[in-house]
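What follows is the residue order along each chain.
There are 2 protein chains.
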Amino acid sequence: MQAEIITIGDELLIGQTIDTNSAWMGEQLNAIGMHVHQISSISDHDGHIQSALDDALERSDLILITGGLGPTKDDVTKFTLCEYFDTKLVKNQEVLDGIEAYFSGRGIPIMEANRLQAMLPEACTVLINTLGTASGMWFERNGKVVVSMPGVPYEMKGLMTREVLPRAQKHFKTPFIYHRTLLTFGRGESRIAEQIADLEEQMHAQGIKLAFLPAAGRVKLRLSSSGEREAQVKEKVDVLFERLRERLSDIVFGEGKTEMEEALAAVLKERKKTIACAESCTGGRIAALLSKHPGSSSFFLGGVVAYSNDVKMDVLGVQSASLEAHGAVSETTVKEMLLGALKLSNADYAMATSGIAGPDGGSERKPVGTVWVAYGSREKHFAVQLQLGSNRERIVSVATLSAINLLRQAILEGKV
Amino acid sequence: MQAEIITIGDELLIGQTIDTNSAWMGEQLNAIGMHVHQISSISDHDGHIQSALDDALERSDLILITGGLGPTKDDVTKFTLCEYFDTKLVKNQEVLDGIEAYFSGRGIPIMEANRLQAMLPEACTVLINTLGTASGMWFERNGKVVVSMPGVPYEMKGLMTREVLPRAQKHFKTPFIYHRTLLTFGRGESRIAEQIADLEEQMHAQGIKLAFLPAAGRVKLRLSSSGEREAQVKEKVDVLFERLRERLSDIVFGEGKTEMEEALAAVLKERKKTIACAESCTGGRIAALLSKHPGSSSFFLGGVVAYSNDVKMDVLGVQSASLEAHGAVSETTVKEMLLGALKLSNADYAMATSGIAGPDGGSERKPVGTVWVAYGSREKHFAVQLQLGSNRERIVSVATLSAINLLRQAILEGKV
Chain A
0 MQAEIITIGD ELLIGQTIDT NSAWMGEQLN AIGMHVHQIS SISDHDGHIQ
50 SALDDALERS DLILITGGLG PTKDDVTKFT LCEYFDTKLV KNQEVLDGIE
100 AYFSGRGIPI MEANRLQAML PEACTVLINT LGTASGMWFE RNGKVVVSMP
150 GVPYEMKGLM TREVLPRAQK HFKTPFIYHR TLLTFGRGES RIAEQIADLE
200 EQMHAQGIKL AFLPAAGRVK LRLSSSGERE AQVKEKVDVL FERLRERLSD
250 IVFGEGKTEM EEALAAVLKE RKKTIACAES CTGGRIAALL SKHPGSSSFF
300 LGGVVAYSND VKMDVLGVQS ASLEAHGAVS ETTVKEMLLG ALKLSNADYA
350 MATSGIAGPD GGSERKPVGT VWVAYGSREK HFAVQLQLGS NRERIVSVAT
400 LSAINLLRQA ILEGKV
Chain B
0 MQAEIITIGD ELLIGQTIDT NSAWMGEQLN AIGMHVHQIS SISDHDGHIQ
50 SALDDALERS DLILITGGLG PTKDDVTKFT LCEYFDTKLV KNQEVLDGIE
100 AYFSGRGIPI MEANRLQAML PEACTVLINT LGTASGMWFE RNGKVVVSMP
150 GVPYEMKGLM TREVLPRAQK HFKTPFIYHR TLLTFGRGES RIAEQIADLE
200 EQMHAQGIKL AFLPAAGRVK LRLSSSGERE AQVKEKVDVL FERLRERLSD
250 IVFGEGKTEM EEALAAVLKE RKKTIACAES CTGGRIAALL SKHPGSSSFF
300 LGGVVAYSND VKMDVLGVQS ASLEAHGAVS ETTVKEMLLG ALKLSNADYA
350 MATSGIAGPD GGSERKPVGT VWVAYGSREK HFAVQLQLGS NRERIVSVAT
400 LSAINLLRQA ILEGKV
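Chain order of the listed sequences is A and B.
Mapping of the first sequence onto numbering that gives the first Met the number 0: position 223 corresponds to residue 222, and the numbering continues sequentially without gaps.
Mapping of the second sequence onto numbering that gives the first Met the number 0: position 229 corresponds to residue 228, and the numbering continues sequentially without gaps.
Pulled out of the complex, with its shape left as it was, chain A reads as follows (with noise of 0.2 Å):
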């Protein structure tokens, strides 16, 4: 079964917007076992749209459109889809109250341009928009099918994920098709590739399909296979899955969707341990992260941002004579960091960092991506250097992740 996307909106064309809905909703309909043929970025406007909607049709079975259905002059799609398909629009009293709803529970005025998002194409299936004002549609012809989803990423994402994916795997009858991802960090795709190309060949010849999926500082490894019988595909995938995980065992966090700090989360959570920061080049980004999930206050209780060294110093308590003999970038002043965070906040553990994210301030002796990160409890704990590359955003985020899984994997280990 075909697939295609199309993305509307003139902010994508003229490089205002990156697209990433594309990607995220392309991975989605991977996974249900629909290949995804083609993806196309067009502007608001109908002609446009229509023709890109023949020429998708002709190629594929499910076209799905996100983009131009807010309530401005702007936002065509609705209207466009109304005349494809040769309907009217009519008033959807569900969505009204949903719509009225949405504005009275935010204390905003609603506007007549808000309340005509409930008019909606009489020939669609209406798929409800729980975080937001613009409904989904669902249109059929000839077997094919046709999804409008809003363009705002997480509003598309809720869309697909309850109504959009169940539908089209209802629908189109797609094949079984069974995902396994191992989720690994610290080692280099090519070095995991050499590790493992054993397995890699006993795979192809049980036809499960191996990707590699890298990402800053992590390699995902995904294991697919498809076939009639649930079982036996499910069965023969765990198999290498299993013997993946245990090759791999030293670099591996987790598997499926579990990001870095919930792995950590997991630990803590199973031990009743709690655990607080002290960032410098990191600036907030461990915080964020720790505190990004519903029930982080069980096991994070804070951290300390300091930017400046005389933060670290007020702050923290990191001697001036560590900064001056050390500087803010050493094993001592790190130490100094964590030993500051864990008093202040009584945390069972805590990391801490320091580095030169750039792109200034490096040295011959420290470049810029040194970072030092420390991790552990009052009692034990250990520093170690990093170097990570030159680019800002990655030495902050592989900084951040890397601090996270160095104190998992010393719990874990019972170094801590």
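Careful: at least some of the hints might be erroneous.
Pairs of lysine-lysine residues, derived as DSS-like cross-links and limited to a Cα-Cα distance of at most 25 Å, are as follows [to be verified]:
#: 1; chain 1: A; residue 1: K72; chain 2: B; residue 2: K291
#: 2; chain 1: A; residue 1: K291; chain 2: B; residue 2: K365
#: 3; chain 1: B; residue 1: K291; chain 2: A; residue 2: K365
#: 4; chain 1: A; residue 1: K72; chain 2: B; residue 2: K379
#: 5; chain 1: A; residue 1: K72; chain 2: B; residue 2: K233
No lab work stands behind these hints, which were simulated from the structure alone.
On the provided structure of chain A, position chain B as indicated by the hints.
Using the frame of chain A, we list chain B on its own:
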């Protein structure tokens, strides 16, 4: 003059790679007055490349292709173009010399597959890639142009800047296109639309296109127009842009690509002032934004992430009586947090947040989405209560931007 972008690569269709090339290319094309009609992402498959080219050439004058030029078997773009333009591969000595120098310079043994990258279509103008081994190719047919470039972003950007854009400007005598984008925060798209309905009509009458681009809490308003005479186009857009800015002055925080934290940074740098923050529900996001850009250490001293009440009391000096009487999410507490951050950091200004990000922790009096934000200096500070809906991610991100914006406005207005 109309352009299209075709990005080639299976990794784009399965969501493994987000296509960031297209946005950059679109922006560059727009800047030289080429209107980007469509962006298409397709697979590494000769039939698909040919049909995508057929479609694009029917609609547009300039087609930019990226990807599929590597030395491995799955890269078919060069061979497909050779067939498409009915030509044959010939050795390009200059390119071969470059490839050999590239490998010897890196001390890597050269492979036959790399040497074959110097075999290029006879019918094209070869565009020398000084940053890699895959050359650019410029084909012309009936006045229309097809350009192929490697998909590696920095190689593509090098070729675009040095070769493709100057040649395109010369080849197509393009009209001038002019964009200006006004950035607003804190008011919905439809309310803004209502407020500027008369200006929107004036724009329409003058051939100026207005686009509303909403993101969490923000709405960008982009005006664009094109024409032969640069000065005339600029003037009519500028006049209406200034009227728009005036009409929306209470919610405008910048123009162009400025981020909210950059708008605050500019205000602080100009006044040589420093800031700090105390965060509960935003959990480090304010600090992470403030430290995101190079040079932020000149104004950002640090912050405290006070997730637990103990950290609020022990580090920030929040009174236990305040927490007992009013709770953590209250005007009293958030102001005490603010004062704590100011005292600890000695900063001129600070921001503080305390709220219920959900999904749990809400009550009838303080539902999920209730956030208190304090901002100001030791002498003059204020606090406001916000209601930010029920989506955890959105609550945190809008609270973060609100805090930054409130402080920015207060400084500009001389309130703090």
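Each hint, compared with the structure:
{"no.": "1", "hint": "A/K72 <-> B/K291", "verdict": "violated (35 Å)"}
{"no.": "2", "hint": "A/K291 <-> B/K365", "verdict": "holds (21 Å)"}
{"no.": "3", "hint": "B/K291 <-> A/K365", "verdict": "holds (21 Å)"}
{"no.": "4", "hint": "A/K72 <-> B/K379", "verdict": "violated (43 Å)"}
{"no.": "5", "hint": "A/K72 <-> B/K233", "verdict": "holds (24 Å)"}
The earlier numbered hints that this structure contradicts are 1, 4.
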